[in-house]
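Please put together the full structure from these sequences, using the hints given.
Each chain, letter by letter, is given below.
Number of protein chains: 2
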Amino acid sequence: MFSGAQVSLYPMTDDFVGVILGAIGALEPYRSTFRIETDDISTLLVGPPDQLFPAMRDLFVSAAGQGVHCVLAATVSRGCPGEPDDPICTPVNDSHYGQPLAEGITAAIEQVGAAPQTGQIVAAQFSLYPLGSGHHMDEIYGCIEFLKNSGVFDRSKNFCTKLRGDAGAVFATLSEAFLRFGAPQGHVALDLKVSANSPTAI
Amino acid sequence: MFSGAQVSLYPMTDDFVGVILGAIGALEPYRSTFRIETDDISTLLVGPPDQLFPAMRDLFVSAAGQGVHCVLAATVSRGCPGEPDDPICTPVNDSHYGQPLAEGITAAIEQVGAAPQTGQIVAAQFSLYPLGSGHHMDEIYGCIEFLKNSGVFDRSKNFCTKLRGDAGAVFATLSEAFLRFGAPQGHVALDLKVSANSPTAI
Numbered sequence: 001m002f003s004g005a006q007v008s009l010y011p012m013t014d015d016f017v018g019v020i021l022g023a024i025g026a027l028e029p030y031r032s033t034f035r036i037e038t039d040d041i042s043t044l045l046v047g048p049p050d051q052l053f054p055a056m057r058d059l060f061v062s063a064a065g066q067g068v069h070c071v072l073a074a075t076v077s078r079g080c081p082g083e084p085d086d087p088i089c090t091p092v093n094d095s096h097y098g099q100p101l102a103e104g105i106t107a108a109i110e111q112v113g114a115a116p117q118t119g120q121i122v123a124a125q126f127s128l129y130p131l132g133s134g135h136h137m138d139e140i141y142g143c144i145e146f147l148k149n150s151g152v153f154d155r156s157k158n159f160c161t162k163l164r165g166d167a168g169a170v171f172a173t174l175s176e177a178f179l180r181f182g183a184p185q186g187h188v189a190l191d192l193k194v195s196a197n198s199p200t201a202i
Numbered sequence: 001m002f003s004g005a006q007v008s009l010y011p012m013t014d015d016f017v018g019v020i021l022g023a024i025g026a027l028e029p030y031r032s033t034f035r036i037e038t039d040d041i042s043t044l045l046v047g048p049p050d051q052l053f054p055a056m057r058d059l060f061v062s063a064a065g066q067g068v069h070c071v072l073a074a075t076v077s078r079g080c081p082g083e084p085d086d087p088i089c090t091p092v093n094d095s096h097y098g099q100p101l102a103e104g105i106t107a108a109i110e111q112v113g114a115a116p117q118t119g120q121i122v123a124a125q126f127s128l129y130p131l132g133s134g135h136h137m138d139e140i141y142g143c144i145e146f147l148k149n150s151g152v153f154d155r156s157k158n159f160c161t162k163l164r165g166d167a168g169a170v171f172a173t174l175s176e177a178f179l180r181f182g183a184p185q186g187h188v189a190l191d192l193k194v195s196a197n198s199p200t201a202i
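Just so you know, the sequences run in chain order A and B. For the first sequence, the numbering used here assigns the number 1 to the initial residue and increments by one for each residue that follows. For the second sequence, the numbering used here assigns the number 1 to the initial residue and increments by one for each residue that follows.
Source of the hints: derived by calculation from the structure; they are not laboratory data. There could be a bad hint or two in this list.
Any copy, or any two copies together, can satisfy a pair, since identical chains are not distinguished.
As the list claims (entries may be wrong) - In the EDC-like style, the derived pairs of lysine to aspartate or glutamate whose C-alpha atoms are separated by at most 16 Å in a straight line are:
(1) K148 - E110
(2) K162 - E145
(3) K157 - D40
(4) K162 - E37
(5) K157 - E37
(6) K157 - E83
Shown next, in the form of structure tokens:
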């Protein structure tokens with residue numbers, strides 16, 4: 001199953017190039033796992049679906065740790081039918097998806113509880129799109145139940161859901177929502193913004 | 001049909017607050033048309049679907065005109081089934097959507113040709129998601145044919161399409177893709193980034 005993301009980092013500072021270059025080293029441990037390509041708009045990551053959110057977390061925590069207001073925006077996708085079935089997109093961890101919904105919700109909450117603490121508080125906003133056929137509304141409602149019990153649920157907004165908390169738990173919650181709900185081999189896209197150090201955070 | 005967007009503006013400068021406050025006045029002509037709500041992540045616009053991209057264009061051109069590298073990111077939606085049918089979401093212009101596909105493509109190209117020139121060159125990257133049932137693949141292929149003939153098509157990338165050109169033509173192309181293709185009353189979401197003044201534009 002093809003999986004990857006188009007990722008952009010926006011540091012709100014005159015030295016945005018320096019902040020980006022300072023943060024990009026956080027992707028080093030992932031370079032052997034992912035195909036990575038950059039242009040003037042975004043960086044493409046193609047690789048194991050269960051490593052996408054850890055890689056984005058490490059990149060963002062590294063940038064936010066430099067103290068400036070910054071945002072990560074990403075378009076994340078799995079199972080896109082027009083894309084080749086790339087062997088580098090094999091999950092690193094055996095994930096047991098496709099289990100009964102109640103067990104999936106419990107397992108997702110456990111994964112978030114076990115997420116590493118980063119010490120970086122973030123706000124995140126995302127929209128999850130199950131595309132094509134084969135997705136059951138039960139799965140979507142199950143995902144919502146999981147989000148509300150994730151410990152980082154902030155609120156529902158028009159067109160999206162907002163999370164707030166430690167970057168470890170927030171990115172783990174996003175990863176679980178992306179991977180565990182909807183058809184295991186179905187096409188799912190996720191539109192994400194994560195913000196840190198905002199002067200207007202409420 | 002409920003329609004709107006969650007819009008964020010990211011100026012890559014120490015004075016990001018000043019750039020945002022300096023640009024927000026560009027939304028004044030739209031304040032009577034839209035419901036507008038802001039928090040620390042994004043600004044919600046709810047209103048006529050055919051005014052969403054002109055409003056975002058004016059906001060972004062105003063910010064980019066201040067000379068700094070900046071990005072607008074937006075999650076745009078129409079026909080979301082969970083949202084109320086809001087009377088403020090009535091199109092301002094009578095739009096004749098739902099016409100035969102070949103006529104729709106011709107009309108879309110004409111609209112882009114008639115778009116105002118802003119003098120601001122931008123690069124845009126977007127993903128269009130027809131959600132739920134009722135969308136025909138013919139419509140999607142028709143949209144792709146339109147994009148390739150829009151005059152601002154740059155290239156297809158993994159998970160998204162890239163445009164480049166004057167902000168007037170680029171935002172008009174996005175608006176046509178969003179409104180004219182897929183089921184007229186169907187649920188469509190669009191994930192958008194627009195960039196100007198990038199030091200690495202290629």
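Now the hints, each set against the structure:
For the homomeric pair K148 and E110, the shortest alpha-carbon distance inside one copy (14 Å) is at most 16 Å, but the shortest distance between copies (46 Å) is not. In this assembly of identical chains, the alpha carbons of K162 and E145 lie at most 16 Å apart only when taken from the same copy (14 Å versus 36 Å across copies). Proximity of K157 and D40 under a CA criterion of 16 Å is satisfied inter-copy only: 13 Å between copies versus 30 Å inside one chain copy. Taking identical chains as interchangeable, the C-alpha atoms of K162 and E37 lie at most 16 Å apart only when they sit on different chains, with a minimum of 15 Å there against 29 Å within one chain.
In this assembly of identical chains, the alpha carbons of K157 and E37 lie at most 16 Å apart only when taken from different copies (11 Å versus 33 Å within one copy). With identical chains, the CA atoms of K157 and E83 are at most 16 Å apart between copies only, with a shortest distance of 11 Å across copies and 32 Å within one.
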